[in-house]
Amino acid sequence: MNKQQLKDRIVRYFLQTSGSISIIIVVLIFLFLFKEALPFAGSPGLQELFNTSWTPVSFQKESFGIIPLITGSVLVTLFATIIAIPFGIIGAVYISEIANSKEREFLKPFIEILAGIPSVVLGFFGLVVIVPAVKALFGLNTGLTAISGAVILAFMAIPTIITISEDAIKSVPASYKEASMALGASKLLTTWKVVVPAALSGIIAAVMLGMGRVVGETMAVMMVTGNAPVTSFNPFTSVRTMTATIAAEMGEVTFGGEHYSALFWVGIVLMLMTFLLNLVSYRVLKKYGMNEK
Amino acid sequence: MKSKGGEKIVFWFMRIITYTVVIFIAYVLFDIFFHGLPAISWEFLFDDPRKSGAEGGIFPAIIGTLLLVLGTIVIALPLGMFSAIYLTEYAKHSKFTQTIRMAIVTLAGIPSIVFGLFGLGLFVITLNFGSSILSGSITLACMILPTIIVASEEALKSVPQYMREGSLALGATKWETIYKNVLPYALPGMLTGAILSIGRAAGETAPILLTAAAFFLPQLPTSVFDQVMALPYHLYILATQHPDAQKILPMQYGTALVLLFLVVCLNLVAIIFRIRVRKKYKW
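Chain order of the listed sequences is Y and A. Just so we're aligned, residue 1 is where the first sequence starts under the working numbering, counting upward by one. Just so we're aligned, residue 294 is where the second sequence starts under the working numbering, counting upward by one.
Please note: incorrect hints may appear among the correct ones.
In silico BS3-like cross-links for lysine-lysine, where the CA-CA straight-line distance does not exceed 30 angstroms [what the hints assert, rightly or not]:
| no. | chain 1 | residue 1 | chain 2 | residue 2 |
| --- | --- | --- | --- | --- |
| 1 | Y | 102 | A | 301 |
| 2 | Y | 287 | A | 385 |
| 3 | A | 385 | A | 467 |
| 4 | Y | 108 | Y | 287 |
| 5 | A | 473 | Y | 3 |
| 6 | A | 301 | Y | 177 |
Distance windows between CB atoms, simulated [said to hold, decoys possible]:
| no. | chain 1 | residue 1 | chain 2 | residue 2 | range |
| --- | --- | --- | --- | --- | --- |
| 7 | Y | 30 | A | 367 | 25 to 31 angstroms |
| 8 | Y | 52 | A | 536 | 29 to 35 angstroms |
| 9 | Y | 55 | A | 562 | 18 to 24 angstroms |
| 10 | A | 543 | Y | 112 | 25 to 31 angstroms |
Derived by calculation from the structure, the hints in this document are not laboratory data. Note that beta-carbon positions come from the ideal geometry of N, C-alpha and C, so glycine has one too.
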């Protein structure tokens, strides 16, 4: 083997090692979440996590039930999704099927900007504009409610839903449309009865990816939902999500303590939830023949 | 069949829904621009904060964010580029490659706060880097790695196959081919992806909350093991934790504007860069 070939082989092994960095990071993340969470399983024990109240700091008895945090996250995510779906899907259909090319060239980057706005800036906007508006509109004592969080998060999910739905709609073969038009169907009928149903699984995957983004969102939701750890299904009350709990409380815990470990369990539950949402949507997108994006 | 008029009404309805999103974005940008602009002054940009952020400037937070972003890109860019080169140029359809792809997708879906927890557990506590620029940068680097890999892969794939074949046919080794005949043309595209992910790293708050950020520091950091102030964290504290949060609204708007300006500028640079590259290399 000459020098050239040797060099080639060394580079190859080096690149192969760098290539596996993603695997290493994922393994490390799982490892360290469980490592830091493990002490809680010994004492006070995992059953404590199923309590119905989250009072990590208390003079009598601390309680680490994550149920109210899960319901908080679910409530905010659900309402954010309900708000985001019409905007996301209609927006995607409009951009890909109805808008002319000039309009499209303006709309697409503009919506990309929305995806680029830092969540803390959107949270701040929510705090100074949307929270007072919600308070006045619904006559509440405080505007720091689940619904305020849902509105902000909806707008964070919309770019994801639009971009991926649009890809799904574009991948519908033109022959479907042509056949429908040739049979005398109008553009409207073709769009909603042929194109959208054909792209439906991709659109559903897009919505689920948007939900994944919403569940994991931290700053905006922490700034506008009021952070009361109560089990409630009323969107006009304050709630505390899993993400906000970790971010708000991690600064005040003793490292290695029960509270600290409990927060890592919250992180694990959160990661599993987003992992499942993403897994299902990628399966759908893959079946669809769309590349992983 | 529906009439042409009915169809028009439905299209207009869809147009209104779509433009509602546009108006929302425009409203956010204008609100922050108009309320933030009066707060911007020489003092605001280049002075230290006083009275726990109620007066003075945000200079240390700007520097802190720039340092974090610099650290992040120094770590993430080479790793991401090497990964992408391996995946596009070397990897075959094997179990190993599939596992890498699965890992990248998983990584892209992990919530930012979980990266924060991971950084806290591994870098801050176990490796004893403490809450520091180093911990924060590595954590952010792990977070943006998938974006950089995917963008770099696309850049590499856009270099036509004949560029490689020509070089190989002349007897160059695989690496010589990649290094001399593929990378130079893929580099601008890779950098575009990097700039976009820098924008994301600059605006992230949750991970650095747990690994790097401090609200108030009397002096600028002197080593990578120092804590830093950061723009997004500064905004969060001013808006929600400050005792006079209502009174210092101009300071909050000013900070939001600087952060937004930084992120939007990075995005614009990336977009312009992309357009110029596309014009320059047309295959």
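Structure-based check of each hint:
A C-alpha spacing of about 19 angstroms is found between residue 102 of chain Y and residue 301 of chain A, which places the hinted pair at or below 30 angstroms, so the restraint holds. Among the hinted pairs, residue 287 of chain Y with residue 385 of chain A is consistent with the structure: their alpha-carbon atoms are about 21 angstroms apart, no more than 30 angstroms. As the CA atoms of residue 385 of chain A and residue 467 of chain A are separated by approximately 15 angstroms, the hinted pair is consistent with the 30 angstroms bound. For the hint linking residue 108 of chain Y to residue 287 of chain Y, the alpha-carbon distance of about 26 angstroms falls within 30 angstroms, and the restraint holds.
Of the supplied pair hints, the one linking residue 473 of chain A and residue 3 of chain Y holds, its CA atoms being roughly 18 angstroms apart against a limit of 30 angstroms. Pair hint residue 301 of chain A plus residue 177 of chain Y holds up; C-alpha atoms about 19 angstroms apart against a cutoff of 30 angstroms. Taking 25 to 31 angstroms as the suggested C-beta distance range, the pair residue 30 of chain Y and residue 367 of chain A conforms, at roughly 26 angstroms. Our hint of 29 to 35 angstroms for residue 52 of chain Y and residue 536 of chain A holds, since their Cβ atoms are close to 33 angstroms apart.
Residue 55 of chain Y and residue 562 of chain A have their C-beta atoms about 48 angstroms apart, which leaves the hinted 18 to 24 angstroms range violated. Take residue 543 of chain A and residue 112 of chain Y: their Cβ atoms lie about 29 angstroms apart, and the range 25 to 31 angstroms holds.
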